[in-house]
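Trainee: The lines below spell out each chain.
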Amino acid sequence: MLPTLLSQVANGLVLGSLIGLIALGYTMVYGIIQLINFAHGEIFMVGAYGGLAALTYLLPAAIANQWYLALPIALVAGAVIAALVAVAAERFAYRPLRDAPRLAPLITALGVSVALQEAVRVFYPDATAALPFPSIFIEGTLEIPVPGGTVPIKYAGILLALVSLALAAGLQVFVDRSRTGRAMRATAQDRDIARLMGIDPDRVIVLTFLIGGALAGVGGVLYGGYLNNINIDMGFQNGIFAFTAAVLGGIGSIRGAVVGGLAIGLVKSLGGQYLPGGTAYDYVWIFVVLIVVLVFRPQGFFGETERVRA
Amino acid sequence: MAFLEVRDLTVAYGAIQGVRGVTFAVEQGQIVSLIGSNGAGKTTTLRTLSGLLRPVSGEVWLDGTPLHRLPAHEILAHGVAHSPEGRRLFARMTVEENLRLGAYTRRDEAGVVADLDRIYDLFPVLGQRRRAKAGLFSGGEQQMLAIGRALMSRPRLLMLDEPSMGLSPIMTQKIFDTVRDLRAEGTTVLLVEQNALAALALSDRAYVIDLGRTTLSGTGAELLADPRVQAAYLGEGVTS
Numbered sequence: 001m002l003p004t005l006l007s008q009v010a011n012g013l014v015l016g017s018l019i020g021l022i023a024l025g026y027t028m029v030y031g032i033i034q035l036i037n038f039a040h041g042e043i044f045m046v047g048a049y050g051g052l053a054a055l056t057y058l059l060p061a062a063i064a065n066q067w068y069l070a071l072p073i074a075l076v077a078g079a080v081i082a083a084l085v086a087v088a089a090e091r092f093a094y095r096p097l098r099d100a101p102r103l104a105p106l107i108t109a110l111g112v113s114v115a116l117q118e119a120v121r122v123f124y125p126d127a128t129a130a131l132p133f134p135s136i137f138i139e140g141t142l143e144i145p146v147p148g149g150t151v152p153i154k155y156a157g158i159l160l161a162l163v164s165l166a167l168a169a170g171l172q173v174f175v176d177r178s179r180t181g182r183a184m185r186a187t188a189q190d191r192d193i194a195r196l197m198g199i200d201p202d203r204v205i206v207l208t209f210l211i212g213g214a215l216a217g218v219g220g221v222l223y224g225g226y227l228n229n230i231n232i233d234m235g236f237q238n239g240i241f242a243f244t245a246a247v248l249g250g251i252g253s254i255r256g257a258v259v260g261g262l263a264i265g266l267v268k269s270l271g272g273q274y275l276p277g278g279t280a281y282d283y284v285w286i287f288v289v290l291i292v293v294l295v296f297r298p299q300g301f302f303g304e305t306e307r308v309r310a
Numbered sequence: 001m002a003f004l005e006v007r008d009l010t011v012a013y014g015a016i017q018g019v020r021g022v023t024f025a026v027e028q029g030q031i032v033s034l035i036g037s038n039g040a041g042k043t044t045t046l047r048t049l050s051g052l053l054r055p056v057s058g059e060v061w062l063d064g065t066p067l068h069r070l071p072a073h074e075i076l077a078h079g080v081a082h083s084p085e086g087r088r089l090f091a092r093m094t095v096e097e098n099l100r101l102g103a104y105t106r107r108d109e110a111g112v113v114a115d116l117d118r119i120y121d122l123f124p125v126l127g128q129r130r131r132a133k134a135g136l137f138s139g140g141e142q143q144m145l146a147i148g149r150a151l152m153s154r155p156r157l158l159m160l161d162e163p164s165m166g167l168s169p170i171m172t173q174k175i176f177d178t179v180r181d182l183r184a185e186g187t188t189v190l191l192v193e194q195n196a197l198a199a200l201a202l203s204d205r206a207y208v209i210d211l212g213r214t215t216l217s218g219t220g221a222e223l224l225a226d227p228r229v230q231a232a233y234l235g236e237g238v239t240s
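Protein chains in written order, with the UniProt record's numbering: chain A, 1 to 310; chain B, 1 to 240.
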């Protein structure tokens, strides 16, 4: 009993921190330009393939087998490729529609999402099926003894959770304390007035996509190492969870994205274990929770209520 | 050429042409007012000078540099600060964060800190509550913060749009005293006001904008004495 419960809690926290990491990209972009970037899940997927490509084609086997070399290289490759794709999407797909009715960029984001999936399917070798992702990380499983058995947690899962939470915390500090972070918040609150302060909104917007993309890329590589395989649909599934996490936590809020992600991870793993229907219904419980929370708190956990400016 | 020269400015604002031929000049170290009734085009003029709106035609020159083609964030870098109508503070940020955003383009940290202290001296109520969110302050205090935020860029030209809007007479007087002090320190001020009486009393020079055009100009005293101005803008109830 207890080992099963704790194992599911651990699984939920690992998955939840990944979802929170991806959710940061949704919440930041929405905060700045009020766009739900539906292609963000695919940015995460592209990051995973970018990391895999670096490990498969870039590195000599001698290096690729040394995790302490291969891991940082794969993470940087995934982050860079995901960030570049995110910035390109902003520059060529969203920016021309900046002043268009909101529905236009939203539909465009769906189009970018499909285009990225198909681009990977067509151009990445053998990407039509799931690809094995090398175990570049510390292999093996931590077995925590508890009354009645043990709780197994993959080291790669611990790494995924710790890195995700550390990056989210770092982002929060950056946005709260740095001059550039202040410019991002100013642009989010009132873009015209930010311009009057000497802030170039285009640069802030590019930076937002760049940071969100890089975080998702890191997440993609760590996720590949955790599950040991990746596929083209991984972005869609996790993107939906992450978007839901961002809304649940209060869109625009960094800590909301993380808390929302953890909540969804826990609901998915515990709901799949204990609620009727099992894992086949775990999606259902996520959206039940979302609906219930939004009925009582429409702005999410940490969201700002719409306020009339004084 | 004057310090600020605005020549035949035309701005189309949506379907309506808001400004259609605004011409005026501001000399360095002066307070110059634009007065006129609601919707005359005063705010649109300021928004065009600071780059938030693009002129259809016309020119804006500051100290020999053309500004009318530049985006807003570059116009600030040329020394034009704009305290907009309705204050438009970053309400969810603290007093100090608002002021620091005013100094966003500056890299001289020591100078920025000195100027923060200067603003806090000028407006002690801001200094006492520098960690409080801007949205929690009264209208007059918010106006002080909006002016302080604009001053933080060390502007050569400070543009104030309706600084007295919604303020008590005492607070209005305090704001206008501050504007006078700024002129004494050498800041050039372009003021847009509906409170024409108070604005003219303060101004070295003023222009009347009517239906998107500059129609009259003169020193503050001249316009105060002008019967056309008295009839149109200084009648009873206008300065409500």
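Because the hints were derived from the structure by calculation, they are not lab data. A virtual CB, placed ideally from N, CA and C, is assigned to each residue, including glycine. Just so you know, not all the hints are guaranteed correct.
Computed Cβ-Cβ distance ranges for the label pairs, DEER-style [said to hold, decoys possible]: (1) A:F92 x B:G64: 37 to 45 angstroms; (2) B:D63 x A:Y124: 29 to 37 angstroms; (3) A:L5 x B:Q128: 49 to 57 angstroms; (4) A:L103 x B:A221: 51 to 59 angstroms.
Facing chain B, from chain A, some residues (calculated, C-beta under 10 angstroms) [claimed, not checked]: (5) L2; (6) R98; (7) R102; (8) D126; (9) G198.
Trainee: Each hint: holds or not?
Mentor: Verification of the hints:
Checked against the given bound of 37 to 45 angstroms, the beta carbons of F92 (chain A) and G64 (chain B), roughly 38 angstroms apart, stay inside it. Judged by the Cβ atoms, the range 29 to 37 angstroms given for D63 (chain B) and Y124 (chain A) is violated: they are separated by roughly 57 angstroms. Distance hint for L5 (chain A) and Q128 (chain B): a CB-CB separation of about 53 angstroms, consistent with the stated range 49 to 57 angstroms. The beta-carbon spacing between L103 (chain A) and A221 (chain B), approximately 56 angstroms, falls within the hinted interval of 51 to 59 angstroms.
Checking L2 (chain A) against chain B by beta carbon gives a least distance of about 44 angstroms; that is not within 10 angstroms, so the hint is violated. For R98 (chain A), the interface hint is violated, the least distance from its beta-carbon to any beta-carbon of chain B being 14 angstroms, above 10 angstroms. Hint status for R102 (chain A): violated, given a least beta-carbon distance of 19 angstroms to chain B, over 10 angstroms. Because the smallest distance between the Cβ of D126 (chain A) and any Cβ of chain B comes to about 47 angstroms, over 10 angstroms, the interface hint for this residue is violated.
Taken as an interface hint, G198 (chain A) checks out: its beta carbon lies about 4 angstroms from the nearest beta carbon of chain B, inside 10 angstroms.
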